[in-house]
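This note's numbering numbers the first residue of the sequence shown as 2 and each following residue consecutively.
No lab work stands behind these hints, which were simulated from the structure alone.
Mixed in with the good hints, there may be bad ones.
[Said to hold, decoys possible] With a straight-line cut-off of 27 angstroms between C-alpha atoms, the simulated DSS-like cross-links for lysine-lysine are:
{"no.": "1", "residue 1": "Lys81", "residue 2": "Lys190"}
{"no.": "2", "residue 1": "Lys114", "residue 2": "Lys207"}
{"no.": "3", "residue 1": "Lys232", "residue 2": "Lys44"}
{"no.": "4", "residue 1": "Lys85", "residue 2": "Lys232"}
{"no.": "5", "residue 1": "Lys21", "residue 2": "Lys86"}
{"no.": "6", "residue 1": "Lys21", "residue 2": "Lys62"}
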Amino acid sequence: MILLSDRKISVYDCPYLEGKKTAVTYFFAEDLSAQELSRYLSKGWRKFSRYYFKDNCTGCKLCVPIRIPVHTITLSKSQKRILKKNEDVEVYFRPLSFRPEIYEIYRDHSEGKFQNKDSDFETFLMNFFVPSAPALQSEYYIDGKLAGVGFLDQSGNSLSSVYFIYKMEHAKRGLGTFSVLKEIEYCVKQNYRYYYLGYFIENNEKMNYKNRFYPHELMDWKTGKWNRIDKPE
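Work out the full structure, taking the sequences as your base and the hints as a guide.
Here it is in structure tokens:
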């Protein structure tokens with residue numbers, strides 16, 4: 002690993018809880034090995050490109066790292082229905098490779114889902130196509146046309162989902178959940194142990210899908226231990 006900066010703390014308005022401030026510890030680095038990335042992920046760190054960060058809020062620990070032990074997952078009826086609904090989708094896992102159509106999907110997804118029309122091209126390239134650790138992308142094709150792309154980090158024992166985008170014309174297919182299921186399937190084939198889904202906030206509508214995969218594990222910020230959550234009976 003090559004450190005590009007010292008660790009620092011940044012405080013800004015919380016993007017998830019109105020009226021709250023959030024604090025993160027962060028640093029910039031490149032050339033992490035898969036094993037080094039494993040250690041950071043297991044301690045609750047996240048990353049975009051060369052930017053590595055983790056929660057450092059003192060009075061609030063609602064952002065909880067979540068991961069799925071892929072070899073023990075049990076699909077729900079709704080997840081099975083989503084797999085059935087998308088049987089016609091072709092899925093490929095490939096090295097990171099920018100193409101203009103990927104940026105067009107990103108813009109469509111940002112505007113349609115988040116009403117964000119300020120999709121800066123340079124920021125997009127920096128976030129997703131300047132890797133600082135092993136990475137790949139998942140591609141989803143419908144009728145031979147690219148319909149969605151997932152950006153993934155590869156550690157020594159896991160995949161970590163960075164971001165997923167799709168064409169809004171396919172919004173009713175449940176491609177977000179479908180991509181998680183296919184990426185977990187890829188983890189199993191590669192004999193990885195975990196699939197990381199970033200941070201989870203209970204009762205946050207945008208994150209509710211994350212804890213619908215059972216069993217999953219949540220990290221305790223105080224102890225650093227991962228606690229298994231089984232499906233309620």
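Do the hints match the structure? See the list:
1. Distance hint between lysine 81 and lysine 190 is fulfilled; the C-alpha atoms sit about 19 angstroms from each other, no more than 27 angstroms.
2. The suggested pairing of lysine 114 with lysine 207 holds, with an alpha-carbon distance near 11 angstroms, which does not exceed 27 angstroms.
3. Simply put, lysine 232 and lysine 44 have alpha-carbon atoms about 24 angstroms apart, close enough for the 27 angstroms limit, and the pair holds.
4. Between the alpha carbons of lysine 85 and lysine 232 the distance comes to roughly 22 angstroms, so the proposed pair stays at or under 27 angstroms and holds.
5. This hinted pair does not check out: lysine 21 and lysine 86 have alpha carbons roughly 40 angstroms apart, beyond 27 angstroms.
6. Our distance criterion of 27 angstroms between C-alpha atoms is met by lysine 21 and lysine 62, whose separation comes to about 12 angstroms.
Hint 5 alone, counting from the list given before, is not met by this structure.
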